[in-house]
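**Q** Going line by line, the protein sequences match chains A and B. Numbered by our numbering, the letters in the first sequence go through residues 1 to 584 in order. Numbered by our numbering, the letters in the second sequence go through residues 1 to 439 in order.
FYI, nobody ran anything at the bench for these hints, they're computed from the structure. This one's a predicted model, so the numbers in the text were calculated from it and none came from an experiment. Glycine included, every Cβ here is placed at the ideal spot set by N, Cα and C. Treat the hints with care, as some may be off.
Only some residues are given here: those of chain B computed to face chain A with a beta carbon under 10 Å [what the hints assert, rightly or not]:
#	residue
1	Gln7
2	Val43
3	Tyr116
4	Gln120
5	Glu123
6	Pro126
7	Gly128
8	Gly141
9	Gln142
10	Lys274
11	Val280
12	Gly285
13	Lys347
14	Ala418
15	Lys419
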Amino acid sequence: MSTFGKVTGIVSNLVTVQVDGPVAENELCYINLRGTDLLAEVIKVTGDKASVQVFESTRGLRNGDKVEFLGRMLEATLGPGLLSSVYDGLQNDLTTMSDVFLKRGEYTDPLDHVKLWDFEPIAKPGDKVAAADWLGEVKEGWLPHKIMVPFTFKGSYTVKEVAPAGQYNIDTVIATLENEEGEDVKVTMTQKWPVKIAIKGYKEKPRPQKIMETGVRVIDTFNPIAEGGTGFIPGPFGCGKTVLQHAIAKQGEADIIVMAACGERANEVVEIFTEFPELIDPHTGRHLMERTTIICNTSNMPVAAREASVYTAMTICEYYRAMGHRCLLLADSTSRWAQALREMSNRMEELPGADAFPVDLSSIISNFYARAGMVVLNNGKTGAVTFIGTVSPAGGNLKEPVTESTKKAARCFYALEQNRADQKRYPAVNPIDSYSKYLEYPEIIEYLDNAVEKGWVEKVIKAKTLVLRGKEMADQINILGDDGVPMSYHETFWKSELIDFAFLQQDGFDPVDSLCPIERQKYMLDLILEICDRKFAFDNYEDCRAYFKRLINCLRQMNYSEWNSEQFKGFRSQLNSILEENGK
Amino acid sequence: MANKAYQKVYTRLEAITKATVSLHAAGVSNDELATVEGRLAQVVKTKGDLVTLQVFAGTEGIPTNAEVSFHGEPPTLKVSEQLSGRFFNAYGHPIDGGPEVEGEERQVGGPSVNPYKRRQPSELIPTGIAGIDLNNTLVSGQKIPFFADPDQPYNRVMADVALRADVDKIILGGMGLSNDDYLFFRHAFESAGALDKIVSFVNTTEEPPVERLLIPDMALAAAEYFAVDKNEKVLVLLTDMTLYADALSIVSNRMDQIPSKDSMPGSLYSDLAKIYEKAVQLPDGGSITIIAVTTLNDGDITHAIPDNTGYITEGQLFLRADSDTGKVIVDPFRSLSRLKQLVQGKKTREDHSQVMNAGVRLYADAQNAKTKLENGFDLSDYDLRCLDYAKDYAVELLSIDVNIKIDQMLDTAWKLFAKHFKPEETGIKQSLIDKYWKS
């Protein structure tokens, strides 16, 4: 027997409903607006009054309109066909909507129920299984998609029957399980899971073991992110947050990418729709779109669904992680999500915390970041969800609640800086303020010792120190003047500029330079550090500047050239002859 | 807004603030319009049978026994080809002495375009101004504001851009426009002989501020009619969005909402996004491009209004007076067009993006040299060359007076590079140097 209610108050998308029975926190309901059902979620209950946030515009809604509660929370529908999809924040398929404009109350199915998938059984009758154990497999594009015991199943089950290899649609029963009470339960290829709850069903969550390559030098070498790690990119507008995130999405070394466009510009999502089907995944040679799912709740779409969008995206990642895949979740921007929370908290007239954000903002953010991670599955295989969020701090000031709360939760910090962006030093990641805690992890140091070379992290730290020293010298030169400091100050400063221009800066729009594999990063860093180790002799600071500019130019031309091509080698030998002119 | 015969008229207000009134009424729907003592109002909140109305013209002189009647629907605009060449007020009524427009009545502030149905903007909008075309190229379907202090000639630049742009319709949404500026736009459009492709919705400073809240929705409803129904290329000009946001804060303040940064409502981001995201490239060829003005207080872009705007729009064009040359320039550091790479080098010459970056980087070096100079240090030869370059660059390219084709802008930039620098000092790709360097 469901609970019903009627509308008694409306402020924008916050609606108060008088209810006639039990309701649960986060329970969904439909508000009937003269024939159109508007989906809404309970966010507060006081006596027989439930406050619900409506995922649609409430224009035209009246007091007295009928409400029906659904007895469930917001759920994601999981199954083969999630990849290459474009969903809104509530997982409606945007591609199957016919109208150019979004119609209120139009909800579309996330998965194709007709399409047939090639099924191969994995489990055998008699096997003991539990939630998230693999029963069979279909090929989703090139990716093996495991059909699992639904996550909602509690206790252990015995497999009675598994469908033979063949073509089935997602609603076909592919296995019959017997529970501990001896009852039969049927399993299809699709299941549902409430998005706000983390999917468990793994054995353990160890510390990250390896890094995830992105092809971006300032990340992979200077501040690497671990597979299953967390990071965030704060920065004022116009500093290249989105460009950097798209670069990571295109090049990130992951099986699956889920992009949550959360309260951001629609044209940025259009860029993904337009380019990803054309672009090739550098790791597999397949089209990028084949490994990508887009959750898109742009800034003009209903505010309440913004919050849902990041949870929906995370749930899809956790689902693929349970199959032993490595997923990368990119959310742009988590500040918009926090603002959505603020709007609701404000309308509910809650006492505000800093900058009018709700007081529990910090715990909401850290709970969300905690859902990322590498896991060891019940069968011993591993999977990972790496999460990188962007933050859009008001006025570019990092001392604001969303940035501060995120800093506590995320392990990598990529601070984009207005000053660098103004000078077109892209990516505008500040090399001194940014950090990766993973460089301190013994597991990661050991991994890099094996994967790159022994002592790699020490080299990275040496390069970082040189950049810092250069910054100190630049400050001195600014205070005392070019003539007021010893020659060595200029040399140290220009060595740091060399690292900046030739290594930290990277042209995200150049076909060659935009993607720099770790092998090439190592080559360049070695080369640059070798130059930095040299002692040069200059008559005056003008010569020093001119000389280093020539070196920088040569190294940049190398960055623009195909790896180990004739052109590349040409610039390399040009560099050598410049080096022979001076120093040792 | 004549009352319909069967409509119930209420005559007892429970509360009055400067922008809102509250009364007990039944069967009222959210967002619907009402008339309060002859003034237009809109439902913004209901709690039980207590309804709060936002009165667009302000509540001065409204008594507690004011007559209130509800219209049963949100604000609408009648759309047809008859809109062309006309001037309207915030309610969509003519202010040019002409007849009311006949046409289909449409709700303003309607639903969003399904992002999946959008197309990627790809058509360049040339303006002749190098600070825009060279460094911050505009693309149809883009949304971009001018950030400018109130003393900058932003309305003039915007009128120039609108009249030079190759579009089918120009829609002006004027919010808190001074009467002089209103007449300036009217005159500029008339003397360009472009009046028949222009539709204007104007709220001047003489009119109540809360009325402004209707202007963007009206202007964009008209824009959607031409772009969606007629597949036309529409350019929407919104000036001044800072005054629009101020009106938002007045209403939220009167409704006792907790303000967030700079006493702006917490929903400012979503409110602005709803307007700017109407910019779109449609699948059938129609497009809406929005160029807006956000006035700043002494160049402060960290204030909540420009800050939220910057996160929504696809870049910003920053106008400032350059004291070295006496010109108003499009600031190359603070300005940005996010969509420029969709056309640079694709619809323009291959060297475009590298020339742009080199030009700006060298201008940044000049700024450093200037700081050194101001701090009383000796300048190096390179510093001096940078300073000379910066002057030429400001006059020949950054100034808003410039009106040349994009190829000419690129040639000018190469000329300036060769005049002041050695090829390796520009950091440009060797292959382009080989081809374009003017030795």
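**Q** Against the structure, test the hints numbered earlier, and report the numbers of the ones violated in rising order.
**A** 1, 5, 6, 7, 12, 13, 14 and 15
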